[in-house]
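Undergrad: Chain by chain, the residues run as shown.
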Amino acid sequence: MEIPPLTNGFELVYKKPRTLTETPMHYCPGCGHGVVHRVLMEVVDEMGIQDKTIGVAPVGCSVFAYDYMNVDMQEAAHGRASAAATGIKRVLPDRFVFSYQGDGDLAAIGTAETIHVVNRGENILMLFINNAVYGMTGGQMAPTTLLGMKTTTSPFGRESGLAGHPLKITNLLAQLPGAYYVTRQAVHTAAAVRKLKKAIQLGFQYQSLKKGTCFIEVVSNCPSGWKMTPTDSNKWLEENMLPMYPLGDLKTPARSMN
Amino acid sequence: MSTNDEISEVRIMKGNEALAEAAFRAGMQAYFGYPITPQSEVIEYLMKEQPKHDCVVLQAESEVAAINMVFGAAGAGARVMISSSSPGISLMMEGISYMTSAELPCLIVNVQRGGPGLGTIQPSQGDYFQATKGGGHGDYRLIVLAPASVQEMADFVFEGFRLSEKYRNPAMILADGALGQMMEKLTLPPAGSLPYVDKPWATTGKPAGKDRRIITSLFIQPEKMEQVNLHLQEKYRQIQAEEVRFEEYGVEDADIVLVAFGLVARICQKTMQLARKKGLRVGILRPITLFPFPSQRIAELAPKLEAIVTVEMNAGQMLEDVRLAVEGRCPVHFKGRMGGMIPSPDEVLEAVEAIAEKRNFELSR
Ligand SMILES: Cc1ncc(C[n+]2csc(CCOP(=O)(O)OP(=O)(O)O)c2C)c(N)n1
Ligand code: SF4
Ligand SMILES: [Mg+2]
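Those protein sequence lines, which keep their order, are chains E and A. Heads up, our numbering is the position in the first sequence plus 3, with the first residue counted as 1. Heads up, our numbering is the position in the second sequence plus 136, with the first residue counted as 1.
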């Protein structure tokens, strides 16, 4: 067994993967983005695919993902990450390509691209961070905002007559023949994080099969946008988000065969 | 028809098809597009011929998606082209602005139709401002080439790719519906004659032991954003200094010079013949690059001239650049048609005669 090095007399038992840079993250304390970044980069490191991975993050709180993820990265226009990822994957079919998008990005302004990328079965991994608000621009209503949920643009709570219903875009995508693996995960507990990691591993592994799009929704929090402490936000997520967005696989390769 | 694309080859083709075939021969590695008249033959031709080539050809769900696919593929180092006509180009503007900021090369083809709005499918030059002044947001320029023949529809594909890669800036071929649809004889350049350039900045997967590559147009610190802008402006100055292209006919002894680009320059050649028969000393200056614009040459000519007449298929867009170049050193007139109408050599001649005789004439009809 490899003996862990000593730092200041302490044994190093947990460290960040080589695939994360030294740059301190700008995310608010307790935000799910940072956790997803870490898990994603852990998988890239463990699979040994750092030199073959290209990521795309569009506008949203994670627009600076390229500052943290130590892989080749592109920053795309709002909503267009999956289109840019398509362009990359089509010209470099043997690379691992992922997109990393928020709910506003993927399910509002970029809905057309999202549906058509999955419908064409582009061989990429799409990560979808659903925090039910527009975090970056200050907590406005998103397509995934729950009914009754107060945001800066639904100050009296989202009302369906005016603003429609929470969009379960992941369920919609699972219907498309181009989707190979569709799952909904979370990062509010240690157990959830472990499951997410497994899903990301599968997402990358399946990419080599060239059988279609892998899509992972991560139900996440936005303590700042929700105006809650990180702990409260995770509790609120469990009680309010998960009933609307239940965790689990929506389409797995076995079922894709049908 | 059997083709050997390794040699140059004489063919009779539609402008759109000549452009598409030239793109394969120029080593295009990916094309993304969306159908729109009068340029759908480009994607149709590419789809049909694609099996013979090592090139991605994909019909996107919209021009918005298409330009962002171009962004991704260009960022990954591929030689990429996209084509559309006016309304579709409008939809691409955000993506084009991103590409100029991220310094990604690509070739954009606009086979213009009459607008504004859904307009008409007939030829127009109504997108001159959009093409040469930015079009999308922020201070940026495209390198804009204006073909006037089917031959140039093909040749400028090579030139467009070459310039866009040399300067890491999108280039545009600004054609029109007539050039796209008309058939002419042309010589197709041989395949493989445009070498690929090194793109160490491309995101192809981080090389072990080296820094990751980042393609971005985001520079959140204003100090940094200003530096990026200064760099871009320096690049545009260099393009202005080194890449101006134009053609002249009969300007040596001319009293009146017609300034026209694209198809209209060819119409003006007929006008020039007719005018010269009537004893009017008319010449033509045809800008080939619309950005960079041949301002310096126009400024040199102006003091010797009785007048300049700018002729366009729009309400007078290049006219502004001509006036800026002339700076009052001679009168600058305008003759144009709009909305998909093509000016005839005779009606341009009428304007020239009226100007020579210092009469009034109908500006645009
Ligand atoms: C074309 C365009 N429209 C609007 C914006 C402003 N904008 C930036 S991020 C964003 C929403 C981001 O929300 P989401 O995708 O959910 O990401 P989050 O910040 O919540 O992670 C908006 C509206 C933009 N950058 N570009
Ligand atoms: S605003 Fe919300 S999504 Fe953005 S970093 Fe802060 S907590 Fe995270
Ligand atoms: Mg969000």
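To be clear, the hints were calculated from the coordinates, so they are not data collected in a lab. There could be a bad hint or two in this list.
25 Å max Cα-Cα, derived PhoX-like pairs, lysine-lysine [as the list claims (entries may be wrong)]:
1. A:LYS406 - A:LYS494
2. E:LYS213 - A:LYS188
3. A:LYS335 - E:LYS55
4. A:LYS346 - E:LYS18
5. E:LYS153 - E:LYS198
6. E:LYS153 - E:LYS200
7. E:LYS238 - E:LYS214
8. E:LYS19 - E:LYS171
9. A:LYS302 - A:LYS413
10. A:LYS302 - A:LYS335
11. A:LYS413 - E:LYS55
12. A:LYS335 - A:LYS346
13. E:LYS55 - E:LYS214
14. A:LYS414 - A:LYS494
15. A:LYS413 - E:LYS19
To list a few chain E residues with every Cβ distance to chain A over 10 Å, as calculated [as the list claims (entries may be wrong)]:
16. GLN77
17. ALA88
18. SER157
Every residue gets a Cβ at the ideal spot worked out from N, C-alpha and C, and that includes glycine.
Undergrad: Decide if the proposed pair is consistent with the structure: LYS335 of chain A and LYS346 of chain A, CA atoms, cutoff 25 Å inclusive.
TA: holds (15 Å)
Undergrad: Holds or violated: are the alpha carbons of LYS19 of chain E and LYS171 of chain E at most 25 Å from each other?
TA: violated (33 Å)
Undergrad: Can you confirm whether the C-alpha distance between LYS302 of chain A and LYS335 of chain A stays at or below 25 Å?
TA: holds (11 Å)
Undergrad: Between LYS55 of chain E and LYS214 of chain E, is the straight-line Cα distance small enough, at 25 Å or below?
TA: holds (19 Å)
Undergrad: Taking only the CA atoms, is the gap from LYS346 of chain A to LYS18 of chain E under or equal to 25 Å?
TA: Measuring from Cα to Cα gives roughly 22 Å; hence the hint holds.
Undergrad: Does LYS414 of chain A pair with LYS494 of chain A here, judged by a C-alpha cut-off of 25 Å?
TA: Judged against 25 Å, a Cα distance of about 16 Å means the pair holds.
Undergrad: Are LYS302 of chain A and LYS413 of chain A close enough, with their CA atoms no more than 25 Å apart?
TA: The given pair, whose Cα atoms are some 44 Å apart, is violated under the 25 Å limit.
Undergrad: Does the alpha-carbon distance linking LYS413 of chain A and LYS55 of chain E stay inside the 25 Å limit?
TA: violated (68 Å)
Undergrad: Verify the proposed pairing of LYS153 of chain E with LYS198 of chain E, using a straight-line Cα cut of 25 Å.
TA: Roughly 30 Å between the alpha carbons, so the hint for LYS153 of chain E and LYS198 of chain E is violated.
Undergrad: Would you check the hint for LYS335 of chain A and LYS55 of chain E, treating anything up to 25 Å between C-alpha atoms as holding?
TA: holds (17 Å)
Undergrad: Starting from LYS238 of chain E, check that the Cα of LYS214 of chain E is at most 25 Å away, please.
TA: violated (37 Å)
Undergrad: Taking 25 Å as the top limit, are the C-alpha atoms of LYS153 of chain E and LYS200 of chain E close enough?
TA: violated (31 Å)
Of the numbered hints stated above, those contradicted by the structure are hints 5, 6, 7, 8, 9, 11, 15, 16 and 17, listed in ascending order.
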